[in-house]
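Q: Taking the hints as your guide, dock the two standalone chains into a single complex.
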Amino acid sequence: MIAELGHFALILALCLAFAQALIPLAGTIANKALWIGTARPLSCGQFVFVAISFACLVTLFLQDDFSVAYVANNSNSLLPYYYKVSAVWGAHEGSLLLWVLILAGWTLAVAVFSRTLPADMVARVLSVMGMIAVGFYLFMLLTSNPFERILPFPPMDGKDLNPLLQDIGLIIHPPMLYMGYVGFSVAFAFAVAALLAGRMDSAWARWTRPWTNAAWSFLTVGIFLGSWWAYYELGWGGWWFWDPVENASLMPWLAGTALIHSLAVSEKRGLFRSWTLLLAILAFSLSLLGTFLVRSGVLTSVHAFATDPTRGVFILAFLGVVIGGSLLLFALRSSTIGAKASFGWLSREAGLLLNNVLLVVTLAMVLLGTLYPLVADVLGWGKISVGPPYFNFFFVPLGLLLILSMGIGANLQWKRQSTGSLLSLLKAPIVISPVLAVLWLVLAGWDLKVASLLGLTAALWLSLLTLQDIWQKTSYSGGRLAGLGRLKPGYWGMIVAHLGIAVLAIGITLTSNYSDQRDVRLVTGERIEVAGYDFLFQSVEQVRGPNYIAQQGRFAVFTTADDVDAKPFATLRPEKRRYLATGNMMTEADIDGGLFRDLYVALGEPLGDGAWSVRVYVKPYIRWIWLGAMMIALGGLIAVFDKRYRKVKVTNSAPVNSRAVNSVAVNSVPKESTPALARASKDS
Amino acid sequence: MDRVKLFIPLIIFVVLAAMLYWGLGRDPNAMPSALINRPVPTFQLPELGQLKDADDTTLVVTGQTELLDETLFLGQVSLLNVWATWCISCRVEHPYLVDIAETGVRIIGLNYKDEVEAAQQWLAKYGDPYAQTISDPTGGLGLDLGVFGAPETYLIDHLGVIHYKHVGVVDDRVWRTTLQPKYQQLRNALPEAEK
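Protein sequence lines correspond, in order, to chains L and V. Here the first sequence stands for residues 1 to 684, where the numbers follow my numbering. Here the second sequence stands for residues 1 to 195, where the numbers follow my numbering.
Hints are computed from structural coordinates only; laboratory data are not their basis. We put the beta carbon where it would ideally sit given N, CA and C, even for glycine. A couple of the hints might just be wrong.
[Stated by the list, open to error] Which chain V residues stay away from chain L? Per the calculated CB distances, all over 10 Å, these:
(1) Q44
(2) L67
(3) D69
(4) L72
(5) G75
(6) T103
(7) R106
(8) I108
(9) G160
(10) Q180
(11) L186
(12) N188
(13) A189
(14) P191
[Said to hold, decoys possible] Pairs of lysine to aspartate or glutamate residues, derived as EDC-like cross-links and limited to a Cα-Cα distance of at most 20 Å, are as follows:
(15) L:K488 to L:D469
(16) L:K159 to V:D171
(17) L:K449 to L:D516
(18) L:K567 to L:D592
(19) V:K182 to V:D171
(20) L:K159 to V:D172
Pulled out of the complex, with its shape left as it was, chain V reads as follows (with noise of 0.2 Å):
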């Protein structure tokens, strides 16, 4: 029985490496597939208030009731971004999109897991580049999607159908080489009236 014991180290470091080995040959990036092609999973979740200019010094919050839903995606390609503000990937990638953004890039937000407060201070602070920022303080909305671990970003058409999702930091080579064609892509499909 000893002897078997002694065992148990190296049956768990098996058991970890077989898990490792099987997270390698898994592209990080790629998507469950349940999800390519489905539109996006019925949420109903707050808007991510925005902070308003008080007395011109102190910026206050001011919370929103707006309840957005699925239909936030309807009508334009979107590009939507899992955050929050305890990851300190997504401050690293924000300054990226808040490019992008400047570009016309439609951006909705998924404030995941996350302190409204501080999350409302953090957009103040580094620039909102959300046409609108959804609120997902339990991680509902996240586990639908099968985030991973923020930052993900999910390329949606103008029918609030998934296309693509990237799994880590946006940034120039990734948006250039990745998103950027697949999202002209679905621009160019667009009906005229609607571009």
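One chain only, chain L, in its complex shape (with noise of 0.2 Å):
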């Protein structure tokens, strides 16, 4: 009966999806203004009757129900009941509503915070999101219903939930990663508004950057709980692999940060238009195509879910309708809405710009790096793939561009920089950066490698040019508080993410280079010694867990300094875990986390004779790689809650051509951002 129930609600929903994305576009073709004003309610319905669709598949994996396939399928009685809720999207059809439910969430957000946008403006928007749930709506009830029946002999048991899943990070990794991936849909849906209506300006650069700046953070935290998930239970030490699904999370990613920073110069000096478009619809284009490469079987790759060549198709013929149609509407229309101006070579707008053009060669690296077996294979190059080898060889060199880059983009001013006064600001830091670097390395001991070197001084370089930018917007005012007090979220957003970058780059280059790494062979009472550390291994038991049994072995950890009888500082219990419902063996390896080093232990196969094979990290500086990401993720979240983009009342403008764009712009700007003077308009 629930499950009918959730099914019968799946298919309203797709109802009111099809009028939300027809009713107010031809509202505003008709210009009728009672249909313009069904977007509101028809968004709040959707969302209504997904969220008891999804309630419905919750409650019946809660209730054990393996009369339905996908429950069957996922779950087991034994299973705990919140490993039973996140169960619900551990595969394809349920991980699908959860999206179709996120994005109905965020289609019910621009409805509710949109009420200083024209009528008209957010019933393109509203529709443009409801074409986009039709599309899902359809794809889950023609191939993929979560709701179908295995009747009339349901099995007694369920095969259980995937153990690789059965993990903290895995029950929030895939609610954020969908947040980030479907809040690009809002951008989009902006993007393709401005270009349906023929019209794009300041404003409207103001109302998207928000937005985009939320679904990006969470994009931000999805892929970085991805990451920390991979590092502890893969059991394996590895935090980034270069999976085809990994990289097709990272695209849209490099896209969004491509989208946050083009959509700062049009908002505040209306340049990049047409560009700014293009990577809204972009950013968008490629979380479908992560969805499709995962769900088609067109990559083989460990995140893959059951391969269906039919849905392959329906994915496939989706994308085209979506990215095909807004790239033809591109083509076609924003030809309207280019404009020109001039910005000198030292500029703010230059430095975008080239932040921009080093996202997109990265991101045209990651892409053509997935897709190369595929691509090679159709141009008859042979058969070939690419490792991590490729990736690394273009990524790192580009990362440290982007990132000395960065340091200086961010202290330009708009419109023309003199090179006096930016040597100055730059010769602090090109002098005291590299020191730094060698001092770092020095006092912890290690060698100095180039790679390290060099990572090091670009990460503290853009740190003290990100610091010494705080220092002089302070410095006007009376006192360095009150200057503090006056600088805005907007301002503060980029500051954090800014040195989140610094710090998630210091832990890579110093994970990358100092780790290490024994596999040893160890019967219990033997110690072993790694990086200045000595591990005691204990003993092993059997220990039981909800639904596995567990071999546990027990490590105490002692600086090697300590006498035998000292009290160990700290102990670790890694388990070999054999899940009951499939046998499957699964390693869960048990970290000493802190913020310079973690130690890892994971046990490997017993060796026979008491002796077990044995695996033992140090990896000094590894959360700072998360630390850093954390920080993205907030910087983006701060710059969302600028009050600038909340106070704009905007009239429903006319439709402005490319010669009178900026003087509009600068008309509806509210006062405290108008670029009359560039310093105090720096804070974007």
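A: Below, the structure is given as structure tokens:
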């Protein structure tokens, strides 16, 4: 009964999405206020019915209703309740339902928080989001219905959730990632709406920015959680593998990062308009492409869901309509909204242009590497696969370049900056950052390597320039503290995110260069010393979890200087688990985490005679990778709360041609961000 | 000219979509027709050395210099499994290979574009299901075989002829529904003396 209710609610949501896709848009064409006004209530209705449908699926999981195929395949009566809930999005059908729920959520958010926008704009945006929703509902109902029953002979118990997914990181990783992926649909819908209206001004960019920032922050968190999960759950110590599906999440992130920066120029200076629209389309298109890659079976990957060619054809057709349609619209309409304005080669505009070029080149590199096996095959170059060596070869230098130019770019003024004033800004960091990098390595007692020196120098360069910028921003006003208080959330967001990049770069540099790893054969009672830590293998005992049996090792960790009887400062309990429903073996590493180093022990195979193969890692600064990622996400979030994005009340302005755009932009900008003083408006 | 420029993203997308469609129409598990029922390409590559237990606590690398060639496959039905330590799917697949090796299936490993030492440590840690492992650090044999990406598994008969190729992880389902029946068929066709 509940399954049928969920199914029915899903069909109703589809009907409402259909109406939402057609009626408001028709209203903007026929100029009927009544039709335009349906956009908001239809969005609410759609959300309510998806939410009902989703709640039904959750209930089915909690009630262990194994007559529903999806529940039987992904759950088990022994599974703890929180994993029963997260199992809802553990496989293809349910994760799609989560996807549409989140899409409906974003749609509702746009409907609620867009009171200050012109009604026809909101109608177009919500219509476009309705169209996307229609595609996903049809996809679910026609090819991947999560409510399908196995009748008349349902299984006695479920097959259990994949043990790799039974983890706290995987409870929140997919929702966060989808919040990001789907969130880009808002920027996409704004872009398509602008193209439909043939109108894009600074106000448009200002409406779009907070939505883009929010989606991008969620995506950052999603990617970071995925990496964190891979680190401790795969029992393997790595944090990024250049797997096709990881790349599929990195690509929209890179496009989104470029979009955030390009939007800044479009808002403040009215430039890069077509480019911004293209990036908005690109960011969401790449999110959809990611979905396609995971679910179609075109590429093989550890993340791949059960593959089915009919699903692949459907998604590809959907991609064709959404991406092809929007790019066609872009080709036909974007020439009406271009704007010409000049800027010096040494200006913030030029810096952001360089940022965009570097990000898009990196994006192209990742896209090529991901699709290369396929492309090479199609072009008859033979079957070649690329591994991490390819990605590292291109990504590392591009990343360094990006970080070095970020430091300078954020310090530049709009329009034009004199070479002399820039050099005076750079002269201190250019000397201090390499010296600090050398000092850091020497004090830590590490070898000086070119790679680590370059990485550290770049990160320190970025940090110093960023901090110096705060110092200068606060120097005009009476008192530093008063100056700090006057800085806007938009500016703080940038600062935090940029410092986050520096922290991330430090983490990556030091972890990749100075990790110590030992694979050893140990009998209980033996000890092994790794990078100044002494690991004593005390015992192995059998423990029982809710749905598994595990061999649990006990390792006491001492600093080497301690004498034998000293109290260990950490005890690690790595496990080797066997899950009862599937018989799968899983390695659970145990980690003693710290800001400056992680101690990581994983239990391998028993080697007989009480001996075990054991993997011991000491990974310096690895937490900085995720600390940096969190700062980046936080930065994006802080910027969302800039008051500038909400105060504005814009009247429904008439279509504006390219010449007039700049003056309109200035008129509709609130007083605090009038670009009269280049200096004052630098805080984008 | 400016108008034409605006169509570039659309054109790129159309080309990409065409490729994806082509990729979709293709069975990802199908092997290039050129290699069906053809012998394994000739090769001469070193065997991946094993880790020898030296002082009872630390596993030390000892290299082996024996060169392997295609005669490796003669006389027995074998699986040829392409793997690498940089491939996460291989990590997922590995325990299952250990299981089927224990049932007596002969698996030859092809360590593809990998670091020798990392590969040896991997086998010491996760168990070694391979009767022998060919070390192919430059990927030369992989290229001749048409390796699409690790992991891949080939079914090879007692005359060294390739009969089937599976792309992706070998798990219980793949083994029971595809590989094992074909494997049994080849085994049953063996001359009585070689069984």
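Q: Please name the hints from earlier in the document that this structure breaks, with their numbers sorted from lowest to highest.
A: Structure breaks no hint.
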